[in-house]
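Number of protein chains: 4
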Amino acid sequence: MEQLDGNEGTSAFHMPEWMQIQFADQKQEFNKRPTKIGRRSLSRSISQSSTDSYSSAASYTDSSDDETSPRDKQQKNSKGSSDFCVKNIKQAEFGRREIEIAEQEMPALMALRKRAQGEKPLAGAKIVGCTHITAQTAVLMETLGALGAQCRWAACNIYSTLNEVAAALAESGFPVFAWKGESEDDFWWCIDRCVNVEGWQPNMILDDGGDLTHWIYKKYPNMFKKIKGIVEESVTGVHRLYQLSKAGKLCVPAMNVNDSVTKQKFDNLYCCRESILDGLKRTTDMMFGGKQVVVCGYGEVGKGCCAALKAMGSIVYVTEIDPICALQACMDGFRLVKLNEVIRQVDIVITCTGNKNVVTREHLDRMKNSCIVCNMGHSNTEIDVASLRTPELTWERVRSQVDHVIWPDGKRIVLLAEGRLLNLSCSTVPTFVLSITATTQALALIELYNAPEGRYKQDVYLLPKKMDEYVASLHLPTFDAHLTELTDEQAKYLGLNKNGPFKPNYYRY
Amino acid sequence: MEQLDGNEGTSAFHMPEWMQIQFADQKQEFNKRPTKIGRRSLSRSISQSSTDSYSSAASYTDSSDDETSPRDKQQKNSKGSSDFCVKNIKQAEFGRREIEIAEQEMPALMALRKRAQGEKPLAGAKIVGCTHITAQTAVLMETLGALGAQCRWAACNIYSTLNEVAAALAESGFPVFAWKGESEDDFWWCIDRCVNVEGWQPNMILDDGGDLTHWIYKKYPNMFKKIKGIVEESVTGVHRLYQLSKAGKLCVPAMNVNDSVTKQKFDNLYCCRESILDGLKRTTDMMFGGKQVVVCGYGEVGKGCCAALKAMGSIVYVTEIDPICALQACMDGFRLVKLNEVIRQVDIVITCTGNKNVVTREHLDRMKNSCIVCNMGHSNTEIDVASLRTPELTWERVRSQVDHVIWPDGKRIVLLAEGRLLNLSCSTVPTFVLSITATTQALALIELYNAPEGRYKQDVYLLPKKMDEYVASLHLPTFDAHLTELTDEQAKYLGLNKNGPFKPNYYRY
Amino acid sequence: MEQLDGNEGTSAFHMPEWMQIQFADQKQEFNKRPTKIGRRSLSRSISQSSTDSYSSAASYTDSSDDETSPRDKQQKNSKGSSDFCVKNIKQAEFGRREIEIAEQEMPALMALRKRAQGEKPLAGAKIVGCTHITAQTAVLMETLGALGAQCRWAACNIYSTLNEVAAALAESGFPVFAWKGESEDDFWWCIDRCVNVEGWQPNMILDDGGDLTHWIYKKYPNMFKKIKGIVEESVTGVHRLYQLSKAGKLCVPAMNVNDSVTKQKFDNLYCCRESILDGLKRTTDMMFGGKQVVVCGYGEVGKGCCAALKAMGSIVYVTEIDPICALQACMDGFRLVKLNEVIRQVDIVITCTGNKNVVTREHLDRMKNSCIVCNMGHSNTEIDVASLRTPELTWERVRSQVDHVIWPDGKRIVLLAEGRLLNLSCSTVPTFVLSITATTQALALIELYNAPEGRYKQDVYLLPKKMDEYVASLHLPTFDAHLTELTDEQAKYLGLNKNGPFKPNYYRY
Amino acid sequence: MEQLDGNEGTSAFHMPEWMQIQFADQKQEFNKRPTKIGRRSLSRSISQSSTDSYSSAASYTDSSDDETSPRDKQQKNSKGSSDFCVKNIKQAEFGRREIEIAEQEMPALMALRKRAQGEKPLAGAKIVGCTHITAQTAVLMETLGALGAQCRWAACNIYSTLNEVAAALAESGFPVFAWKGESEDDFWWCIDRCVNVEGWQPNMILDDGGDLTHWIYKKYPNMFKKIKGIVEESVTGVHRLYQLSKAGKLCVPAMNVNDSVTKQKFDNLYCCRESILDGLKRTTDMMFGGKQVVVCGYGEVGKGCCAALKAMGSIVYVTEIDPICALQACMDGFRLVKLNEVIRQVDIVITCTGNKNVVTREHLDRMKNSCIVCNMGHSNTEIDVASLRTPELTWERVRSQVDHVIWPDGKRIVLLAEGRLLNLSCSTVPTFVLSITATTQALALIELYNAPEGRYKQDVYLLPKKMDEYVASLHLPTFDAHLTELTDEQAKYLGLNKNGPFKPNYYRY
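Protein chains in written order, with my numbering: chain W, 663 to 1171; chain F, 663 to 1171; chain R, 663 to 1171; chain B, 663 to 1171.
Among these hints, one or two may not hold up.
Put simply, identical chains are the same to the list, so a pair is met inside one copy or across any two.
[Unchecked claim] Straight-line distance between alpha carbons at most 20 Å, and here's what the computed SDA-like set of lysine to any residue pairs gives:
1) K1154 with D1046
2) K972 with Q954
3) K1073 with R759
4) K1030 with Q1007
5) K887 with V859
6) K1000 with A1153
7) K1030 with E767
8) K752 with Y879
9) K1165 with D921
10) K1119 with M885
11) K1030 with M772
12) K1128 with K1160
The set of hints was computed from the structure by calculation and includes no laboratory data. Just so it is clear, the structure is predicted and the values come from calculations on it, not from any experiment.
With the hints as extra help, turn the sequences into a complete structure.
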């Protein structure tokens, strides 16, 4: 995939079945009234964002519950504005404190505020956004404001809004339409309130999952005439955009920020290296030393899991379908096996493939007593959990996110998070990772908004490498890391600009 | 860079200065009569190949020296053929033994012989080759023969030919024109003898450095009418091809095998992870534990060096110009510094940048006594060795490849390999790495030779990902590694062919 | 320290101040009514045991609270016995379930039951015990029963008893006297009820902290005539025994199980390698990659912390007072510094010294904003937390076990567990570690009870190495680990018995 | 084993068979005229010392060969003394240069010279020494001289003397009696010349292997009246001393420096962690990544080998007889197996047991083609090499220290160093390790020479822990490592002297 040209991706594009299914599922889900948290869990960091929020602020969210729908309430902020709809504007102060803590941990956005403040690169931008609404998102929104943009915002998930943060944003003047526990009707109503405003028309879209984009396509297609571009951050949303592009229906440039180098490495390799340990420990209190583990899949997520467990003294086996990744596993010191070869002996099975039915009922039948089974990969398809819902097996919930599935002979399998993503369900995402995502989004908005006419066409683009490098550079001060600068002579020798980009597009890092 | 389309690379191409210089240098060098081994050391694995050969067979090469030029000798092999020119055909038996040992360590090529033998995918191919002539090359050539090809071969380096191996090839009927210690005139004469044959015209080129290709362009441009493609394996040769392509002068398809995933990972990350330790140990007998080391550059080579030294108990600092690589260094646990910050305290300085003057005289002046300085990166430009050739400094050769440079106050710097590549000069390359390169070359030849009309145009291509995966898969049995196969259901779910390719082109591994 | 001779330890014994203080503190504490959990936190695994229990069973403990003192209740188990005193005998079923889960994770004790069942090596033993009362202790007690012993039991800590487990033990016939939330008076009353029984006199003591031993010394010194030995597992209790021995007042053999090799390695190195990550993650959700950490002390605990953090990508500095441990830190790849040198730059400070005031107010004043400070070492003395209780500093409790201490300029220090042990307060102890301790206790009881007259004198002994090896061997099946046996020829060659012991006493492992 | 009391070791002492055999062997060897280098290879560092010397200076040793026995030559140094016997006094200058290089790498001894120079703690000491004679030994001898001692010296090995270094010592006035290639008669003659001098009688012995001590016992028993003590550094020599002690025949105090903490860790764990890689690489040029390796024995040497290979990407299996070490292997992430379970699949077999016939002919028969077999443990007994000397197997020497043993079906086993110690035969010992040994020897001499009457009796002692710590502290500056000092308050709290010793004797490090 090239970075300034979105065509090449589509030509080679195989429409994977799980994406088709995914879309079908979503519809069904709305019809059936969603009951599980996280309607859409494809995008790792998005859902992680919401998980994170749950854990850190869940306590006081619940205490202020009442039964009246926010749509039926009359609320004003202290400046007299009522252009918002949140659970309870009085919770603003709590939310502000959460935002201030998040600011401390997102130095890159704060630096961006400072650096870009004079020039206001988003002056004139009217951004409509649809994302999880958390303290970290609030820092992003207020950064966009500081750079000159006007924003209106809805939630991309009916459960993930932090009510206090939404209140704090509303209090400081952001038209926010979101609360925890929206109905499907509420969900679309909120989005509509962001878009359908008299005297205000968006010229930029920041989307997470594609629902906002979808709504405008469906209801207000003419709006696209004024829209300079879409920034999309989820796997699902990006996939929808590629489909639109392929079908020739994409009418503005779109930026795929999901696949930027920095975001990918942090969402997958670095984050999972830590969250696999955290997720296992919090749920099972197990000891890693000496345990036999099989990790299915040696992509970035699998690499992170394997490295962490090996370092903690586990004996790790790997399964792979791709011979190149398989060879990497070998060179990194892991026995490459088929799952059947080790399934009887391992203490832990971890899936990281993005595939479905990687762990089948047959495998589960052959596991030894007390074997732990969990999923770090994709959605909830990797382990065939449905196959365990049979009469001869007993399920016993031993603690939150931990089920014992008991065979007639007494054998117990320890299933974590019912096969959903362990790192989202049983661990948290460090704010640092969220900071990288948010910074990438901000830069993508700046790039699209300021690009000279014609640089971007009606296609899907990767973030320019130079911007990717800029995101990274904004996060280096956290580590007190000192970058070396090329001399003029060296830059000439290498044929590079001193300010980057430093690598060809195909560089693998 | 896409894999079936070579255009995009050239459009974004910055012609780096070192390549320009490189070409100028080469000319000069021939005029001045080369005195150093390895006229061209850009391509890691090529030169490594020759180094390897030196060490393993150097002993009996020298014993059979005589002063007559091979061009003046009349030699026949046991079947009566004299269509070759080697040092001494009588050395064939020694060479055959070396080849047989190499065969044992190159199971992928041997497997290829078996798998492709029935169909003879190279039947009709007339390959002219110009590479280092070593036992490993011989296994490649004989594999090409077994697959149906006719071959004629010259050396790409005037010093790297293993005379015994050349003799063994000649004895078994390969027209080989090469010996150790050719003059420049000999060099081109040998190439010409491969190409300029009555009744035989090549239809495939396997080149390493571009000299063979250059010669045909210059002397026999009409030959290209029958040539189906060029396979090139060196950085330099690939660069020359991109230049031709950019200038619109490339008249056949060319395959850049240098940048295939498998080859890159093995040449750089995996190989250097081991050779940095080996090179330092063989030259200095130092202990790694507790040593402070600065590694300049955190690309694949730098990553390998850092990982190895950290594992051995060294304290490693990293310098970088690229913020993305810099952030990777941070996440991998290395302090990112400017060289100046640590130069006074480190015990070892290792360059892996591909840049020039990374270590300057000023740095060298500030190093502490006994500091070891070496280069794992590129050519001999990274350390400004020339700056040490001043009257106030004394050079003392303490053993092969090790110089003490002594300051007036008695301070000694330990300079390895005079700033040339440590891994080529002071370590060896495992045959396994050479096997990956040779297999990649063979598959590229098969691909180009059998491609349907029109698949490849007059451009430079990367090896198709599926072939890259095939190279990897041929090397898995070495590790008794068992690949998992997708079920039909899974393949459909992922939108993949069960036999690959398994990843999009931009996948970073 | 020799293993069959306790004299040498005492002769070289320096009475460290912290032990003196410790004893004084304990008295005060009782007078003042203890308010913090864990009256005695010196012994790592003991307190860990209780912590573990809290987390796993805390839920249903609270639900059955009532205000009547157990001493005032009339309770009978289903067999009609009332020789016990627990919170609520009706909770027995819940407790039994916890015990059954623990049994699954303590295969060594279960194996011991099987192996020793025929011979009943504790037939005739009358054991009085005083330990934390948890599911794991219950498995130990029921094992002792299965081996032939009669047991009476009290709790060694007024807060750590799991009421349900105590009920289950009482229900199955064990005279248990313990509940969560005893008063000091209750505490000694319970102990007395175990010891002072008509028609039953103990002949073995299993103590944890020395209170039971102390009580018998004070109230029933004549009982020691029938007592064959004491098994003590805490640092404090062991210290008390050495003092008695030194003073010539120890009148029975005592076994120090705290310092057995296996227990030490698991309590310190292996357990802390995992709990440092767990404790930090659960309290702060921080990311380890790239963080600068200073670990004070490079003993077993420090080694574990350093190894784990290095593996997760942190940059780790070490401080040490002992040059031998310091040299080990160097060889393991850590910069050895004084705390002052790095205190301004580190993100995390971890103490593992066993010393006091390692982190002083001066250090705290110089730390950077958001620096995390925690203690993995000893008690709560290592960080001078008292120095932070000054008017100009604001304390803010941000979540359980996490305080922000805020300087007048806004700088925040993140203090974990108020300087108490992070691994006890904010992590859990794997049952596997508790299994090793319990097995060691059981074997020590068997050894002392069955030792021939005269093998043990009135002194403090380490567990015989052969028993230490036996504990290890009982835990190997967990890892499907297969031990090699010496041939007769090899045993003769090495001068060893085929069944061990395999190493000289001074072997360092 | 206590450190100030040698009795306890002997009481528990099992006389292992290999030591008995060893002694018998030695006699036989002398009768048969030794043909292999290193008559006595038990003591790791000693033999390493000699190996090291061979490699670094072997070149000019050979160039000065002549046939006259040194005993028949008349030589004088430049000051006119002829109280020495070396190969060629004229080589002194070359030797001096080697000594000067070694001085740079032995800063601890140089620091000792400075610190102790004023007080001359060895004033009056008359030391007779019998060790390998290398540049490092020369630095030790000249340090002893600088501290006030007079020395006379012989070689402990007939092959290991560096003639140039011996010449340099003789030139600067040391009575040295040693050359490379002594006969057995020469060997004892040299020792006698050191001891049997008119007007000079030794009062200290520094021995390595026990031959010097043995000679004095046999020939000049009265000398012991004036001798204050023996310092012995080899396993063999230490064993002889314990036997003497046990038999009541030891008539002076002896110091066992072999078992000091610092020396043991460096000789075994730290040194082998590096030399296993170096030894394998130099002999086979193999790649470690992905290789399956079985390491027999998980003591310090095995731990070092396993850690290094795991870090390089090998898959490592461990065999053990001791359940405690076995459990350590499990917790460190290695599968614990019996050799038979993996022998068919591994690429490398490494023995580190100290045992005999660990790898039998039966194992060798079952290994796969190209399996590498080597010994890092003890002597040459671990691999049953003798069993390979049968008619049906063909041996092929493929390079120095590397044999292919070929089975009738063509299978080849790669046997390194004929089963002798790989690290001694095919690697070198860093001077840093030798520095630790030499410093330990110097301090032991100072301690014994200056000890007040009665502190040491006629027994074998370990180096006092404080001295062990001092050796470590002298080596910290090499790593720019900064030790923390206890405050008075802290020392009191811990019950420690601020200057150490810091640990109880049984501390395991």
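Hints, one by one, checked against the model:
Taking the shortest Cα distances, K1154 and D1046 sit within 20 Å of each other only across copies (17 Å), while inside one copy they are farther apart (56 Å). Taking the shortest alpha-carbon separations for K972 and Q954, both the intra-copy value of 10 Å and the inter-copy value of 16 Å come in at or below 20 Å. Proximity of K1073 to R759 under the C-alpha cut-off of 20 Å is restricted to the inter-copy arrangement: shortest distance 16 Å between copies versus 48 Å within a copy. In this assembly of identical chains, K1030 and Q1007 lie within 20 Å of each other by CA distance solely inside one copy; the values are 7 Å within and 25 Å between copies.
In this assembly of identical chains, K887 and V859 lie within 20 Å of each other by CA distance solely inside one copy; the values are 16 Å within and 67 Å between copies. With identical chains, the CA atoms of K1000 and A1153 are at most 20 Å apart between copies only, with a shortest distance of 17 Å across copies and 48 Å within one. With identical chains, the CA atoms of K1030 and E767 are at most 20 Å apart between copies only, with a shortest distance of 14 Å across copies and 43 Å within one. For the identical chains of this complex, K752 and Y879 are neighbours neither inside a copy (35 Å) nor across copies (64 Å), given an alpha-carbon limit of 20 Å.
For the identical chains of this complex, K1165 and D921 are neighbours both inside a copy (16 Å) and across copies (14 Å), given an alpha-carbon limit of 20 Å. Taking the shortest Cα distances, K1119 and M885 sit within 20 Å of each other inside one copy (17 Å), while across copies they are farther apart (43 Å). For a Cα distance limit of 20 Å, the shortest separation of K1030 from M772 across copies, 18 Å, qualifies, whereas the shortest one inside one copy, 51 Å, does not. In the homo-oligomer, the alpha carbons of K1128 and K1160 lie at most 20 Å apart inside one protomer (11 Å), although the nearest pairing across protomers, at 36 Å, exceeds that limit.
Of the hints listed earlier, the one the structure fails to meet is number 8.
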